[in-house]
Amino acid sequence: MRLISPIKDHHFEQRMFTARAILSAVFAVILLGIVVARLVQLQIYDHELFSEKSQGNRIRIEAIPPTRGLIFDRRGRVLAENLPAYQLELIPEQIPDLNDTLTRLAGIGLINREDIPNYTDLSQSGPRFKPITLRFRLSEDEIANFAVQRPRFPGVDLQPRLVRHYPDGELVAHAIGYVGALSTADLRRLDSAAYAGTSHTGKTGVEHFNEEVLHGGVGYQQVVTNAFGREIPAETRDFSEALLDRERPMPGVNLYLSLDLDLQRVATEALAGRRGSIVALDPNNGEILALVSAPAFDPNAFATGMSTADYNLLQHDEDRPLFNRAVVGSYPPGSTIKPMLSLAALEVGATNLTRRSVCIGWYSLPGSTHRFRDWRREGHGEVDLHDAISQSCDVYFYEISRDIGIDTMHQYLDQFGLGRETGLDMTGESDGLLPSRAWKRQAFSERADQVWFPGETIIASIGQGYMLTTPLQLANAVAAMATRGERWKPHMVAAFEDPLSGERTLVSPEPLPKVKIDNEFYWDNVINAMHNVMQSETGTARAAGLGAPYLMAGKSGTSQVFSVAQDEEYDEDEIDERLRDHALFIAFAPLDDPVIAVAVIVENGSSGSRVAAPIARKIMDTYLGVADDAL
Amino acid sequence: MRFSDSHQLFGGSEKPIGGVGSVLSRMNIDGPLLGGVLLVCALGLVVLYSAIAQNADLWLQQCIRLIVALVTMLIVAQLSPDFLRRWTPWGYLAGLVLLILVLVIGEASQGAQRWLNIGIRFQPAEIMKLAVPMMAAWYLHDRQLPPKGSDLLVVAVLIVVPTVLIARQPDLGTALLIAMAGGLVIILAGLSVRVMLVLSVSSIPGSYVLWQFMQDYQKQRVLTLLNPDSDPLGAGYNIIQSKIAIGSGGLFEGWTNGSQAQLEFLPERDTDFIFAVMGEELGLLGVLSLLGLYLFVIARGLMIAVQAHDTYSRLLAGSISLTFFVYVFVNTAMVTGLVPVVGIPLPLVSYGGTSMVTLMAGFGILMSIHHHRKLLPH
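These protein sequence lines are chains A and B, in that order.
Residue numbers for the first sequence follow the working numbering, beginning at 1 and rising by one.
Residue numbers for the second sequence follow the working numbering, beginning at 1001 and rising by one.
So here's chain B without its partners, still in its complex pose (with noise of 0.2 Å):
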């Protein structure tokens, strides 16, 4: 596939068509983008509304989050690629400092600290979902690519040291992910296949000595996804009822206001376990147009990031949209019992604003990446 064929595909937007075309391209608005991701949040909406069982307040909150995290990321595509990257580095520190903060004087609830209230109460470990790419993807910037072994160690640390003041919160799952974001700019950066096979394979041993220094209830999480027969009423439980809740739900047989999720049988329905009353409700045929649109988002996010006309806006595209990918994959084969219960949210869809104002800053900045595009790319 040559570039100018794919941007065919998504509908390149260098000759805009008619009057909404130029408005969006004006406000530097990528409407291939902004398509998909607002036909997933519809999407998530329908679903959110039966999930919350039919509650009107709860729905119109959700809207109203989405409203802000739309506005977020019409601000955030504003900025330039080079104006972010100018900025990286101190909000990079800005977000250390926070997280050191938090786990001084940060906000404890159900034995984790997570939170921090200075005027405004949020989760600074949000912050650097985002910032650590960016810090990654910055180092790398005027580095020659593929990076050489110290600037890897460099960009190493630069990851390890958020991701373990937040592993400390505890806030593992928040962690990995962190970690992951990070390692995909190098992945991309063209981290050389050899390192890549020995990293996976010395993980062999490396997941047996963890295994070792795992707490118990989260060596039970793995043995439950190995057999949820075994504690039907513990850990088990979510597994047992989200694969009734799928399976019942069918190729589609319409609306279905299923039982699974009616009733209450269904734990976390409204926030991890959204995929499953989506399963139940609109069938395969619902779950597949869904992860289409994902799809779309993902393959808009690595096109634009293809097209990008730097390393650091490059790099930094990749990541987010990855990210996203990851989001997504972790959820849905959690939800279906394909990997343990980690508690990761259906992007765009699960009830809860903090993360998805975080998803739609990093759409923010994959659009004002695409505006700044190189024009022709050969």
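This is chain A alone, in the form it adopts within the complex (with noise of 0.2 Å):
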């Protein structure tokens, strides 16, 4: 430790100072210099030019808006287009009372009063000669109205714009997704620039997940105007044309989805009036052919704007319309993972194709008395695997189950794909949940809750319990079934256009990880129950397969809503509708070169069977071209 301090030097350190002290002042002065030479550089070299650029006052760079992406069906039906439409626009620097403006528009009902303390926010967010839109689309009587009070609104104008039309509304709504008006929390996201002269934005769907290629490149124009920024025409300024830059906008890419507007059509017809969700798709290589979510909404409103009140409508609504069942509900998938789990047990020896056992209606842990019921009260008697299958007889899980192990489960569901995100080609998608031993550890915070229980495995092994899977998860799961077992990202987009030359690039089919099962007749032996399911005397689907020109396979399912008690019994007409169980049906066809795989989810629906299966055997028959009203 010092004691003393040295001595310090206050002659040397003076000097030591004062050399710095001139030092700096030299730097310095080097750089204010540069800074001079830059500015000689500039104001008198460059002046000219710089002179003639700014033109005593009036150039203004305009962005030139893209025009976004089209939208097409497979078959090349449009299913977004971008219609002219005249929209209410405002110029916030020619406005002197912009309340008094707004209160006033409110007053001859061309805006909302509830809306004005937005657009106050909007015009302050950008340059004040930038127009901000009131209204995206007026009708003709509202048309007719401003033009006659035009006079009075000074700084208020109609513009023609292109407005994102969906003309099929409803039917593509969450398969699509919609566009809505840029918002300040989008304006932070995307890049300002880019957006310079655009109104509109993806904000779901198809729409939101491709918005860099649909929205395409902004253009801009250097245009002339006079002291207020108002552009002067061409022909009375006196200004050389060629000193204007400008350059084109990029159109945005047009889209060719997979998507079958007729099976779609078929697909929310049969939902009408539930809640649902219908995802079709082609095992061969993923892609989407329909994809519903009932009830939806009308996209048009979102792209052409829609009152607060409107909105806390659809927001509030009880059925939850903007809710995309299809990507984002999550169901215990119930029955419907028998065939999947079936092959599990097979190829881990927890079964045989030859075992036989008895179902009395329910099953029992040893040293327990609870009793897991069977969907039968009386039982299905004697079973093998395939009439498991096909009669789906719950005890015959139940007892296998113990055998396979959750974690067993959880690694062959895995495989099929449940449980996690699909990869579609849209935002939002949920990743569901399967159960195993480890995720319970983690997903509970007491010790005793993070036990894994025998009952579980048991319920699992029915697809009840902690699983839950999406209906796109599920298409995607009877897919592999389909192909015994090769996989496919399921995706909306096959093809990508280039607006200019029409050129167009396909989207190539992207493989998934196989299904690890390598033994075919095991394959074989599960795809035959799953066939019988529809097709045979004693199958729980058979009202909906039999008589059909083609062959089929399908696996009900009904998942519970909520529990019965253990000694109640679950009476379908005393209970409130929304607490019924749902039905569940998957199914490909045809059985021997499949092109379609189908899995349907009516919420409450009560049973796979009776309420699901048609639905899934209708868009089968009109996919394959043998419906009634084929196409």
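Just to be clear, a hint being listed does not mean it is correct.
[To be verified] Facing chain A, according to a computed beta carbon distance under 7 Å, are these residues of chain B, among others: (1) Leu1285; (2) Val1287; (3) Leu1338.
Derived by calculation from the structure, the hints in this document are not laboratory data.
Predicted, not measured: the structure shown is a model, and the values here were computed from it.
Ideal placement from N, C-alpha and C gives every residue a C-beta, glycine not left out.
With the hints in hand, could you dock these two chains into one complex?
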């Protein structure tokens, strides 16, 4: 430790400091000299160039928004287009009293009073000469009404602009999503330069996922303006055209979806009046053929702008029309997992094709009195694996589930893609949930809750308990059944089309890891059992499958919304409609060379085979061209 | 140049001439420094009037801010350097506590948490603009100079801690300025030329590493600087418009009512880009006069530093003067497109009050140091 500070040499310090100060001053003079040299360059040598550019006052860079890419179905039918419409715009710098103008516009019914604060915010977010849009599409009456009163509203004007339009409205709402007006949150997220002239952006679905290609590239032009910022028409200005830079906007890329509009329509109609979802895809490449979530909404309302009140109505609707059940909705898969579980059981030796067991309508773990019931109270009698699938015997699966074990169950169902995002080219897909010991340890904080109980394996074997899947995952899983383990990433976009050259780039299907079950004999048997579900005398869904001119395979599922107590009877008629079981069905066809795989979920539909299976049949009929009203 | 000569050059005040001089001297005010500062402010107010589109209310507000800042300068000028030195560690500590409070309970706006509201609303980082160089000077005051390695290390820590706290807000610009104010103290204290060379050479690979860590928007700013035309609607817009404004100003064409500024083509024309408005309105002669005035203020500050009577005052005065220079240089270089747009206002001219008070307080310190200088430098 230093006790006495060394003697400071004040004269030395003073000299050194002075030297440093002089050095810094020299340094400062040099740096400022560079700035001065730059100023001389700009203001003397390049003066003429710059004064020409500013020409006393008048060049402004104006963005030209690109035309948004179109969206077509697989046969080139338009799903999303851009239509000219008159919109109501206001230029903040030309309005002396913004609040007064907005209030008076509300007075003649052109805008909603409660939206005024939003407009005020918007008008403060950009340059004051940049127009802000009050309404995106005016009706003809409104146009006439405003035209008469226009003199009362300086700074407010009608502008012809392109507005996104979805000709089929609700039909494709959840499949392609919608665009909406750029919000201040969007503006923070997006590149403000690229969106300088753009009013809308994709908010959900395909429109959102493909925003970058759909939007296109912004163009710009330099415009000559007078002292008030208004553009001067070319013929009245004394200004060389050659000095004005311009660059054309690059229109957005057109999308061809794999969606089949006819199939989409049939699927939508089949769910009319219900809550539920249908996903149909091509098992050979993962192309989505139909994607329905019911109820839906009119996406045009978002594109043209709706009142806060209307939006709240949609937002708070008990049936949740804005919720995309097909990719976000998570449901217990119920018995639909039985075919996949059967393959796992065969592969790990938990059962074999000849083993038979007697179903008496319930099952208890050794040393326990708790009865796990079969859906059929009286039981199925003696069944083998084939019968257990085609008749959907729960007890058989309860029994073998103990030999499979939850972790093996997790391992194989995971190979079918359950409980994880499929990677569909849409935003917001949910994971679902595929339970396992490891998952439970990590999902619960209390030690007592982290233990996996044997009973939980039992109910997992019929797709109940913690297990949750999305309709999309189920469709993709049944597609993997159809292809005997080949899996493809599901996708909506089949091709991108260059808007200028018309050149199309096909999206090549992307393989996913194969299901690791190589014994063709197992596949034969399980698929045959699924065939018997629909087209045999004892199959659970024979009513839906019999009489078809082609062979098909399927599996029903019914999943509980709430639990029935041990000794209570589930009585459909006495239960509130919203507490009834969900009805599920998965299917593919034709049996030997499958071209379509379908998953149907009808919320609170009570019975998979009675309610969901006929819908799946109808979709397959339509796609295979054998429906009564074949297309 | 000998001190005595330069003294006369800047109108040394040890022989007060007449009544005004003695009044100023009694109020601890340095006439030349005050004169330079007032001229800069006056020129600034004239340009600001154009930049804010002749809005009298805004202009009056700026005048009031200026008066508040001048009063602050007057008050600070009354505090003796010894008094300042004694209180330096406490001021520094208080600043640190406030910076930590900002991170915990500060008010967030536009993604950054910079403001503290404890009765009055202010940015604690402003305090640090002065507290950090003061603390560095305090520590080196009774140490042997040039500083030893261990002393350098301590000072480096004293500088880095507040810098990191401010960078976390995040306010990278202010953090860098504060680190620089502290760094200038070390350089003035006689940091060896070899160390400086090593540091600047190692900054080449260092900047490569920094580039890897930069956010996309920060990289964009650098790229836009290199080629502003690549992004005419976005980040390049400011620089393009600012160059047009300055370039069209010419040598001097009288008060032009330049369209770039008047028609709102030039963004941030009343704050960071006000130098461009000046270039357009007053031409090269106008901006050269402003730069001349700035240079005079900086030179006067360095003069005061050289004449200061102890190490603390010397280092502090030197750092304050050179920091002021850095503000001037970075802003003018940025507006003329020589360095990336970093968001530093033009000192004493840009609209806004927070930094003006800090700047004036700094000048107050310079004046106090000058008043308490050694009367005979030899």
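Tested hints:
The beta carbon of B/Leu1285 is not positioned within 7 Å of any beta carbon in chain A (closest approach about 9 Å), and the interface hint is therefore violated. The closest approach between the C-beta of B/Val1287 and any C-beta of chain A is roughly 6 Å, which is under the 7 Å cut-off, so the hint is satisfied. With 7 Å as the threshold, the beta carbon of B/Leu1338 comes within range of chain A, its nearest partner Cβ sitting at about 6 Å, so the hint holds.
Comparing the model with each earlier hint shows a violation of hint 1 alone; every other hint is respected.
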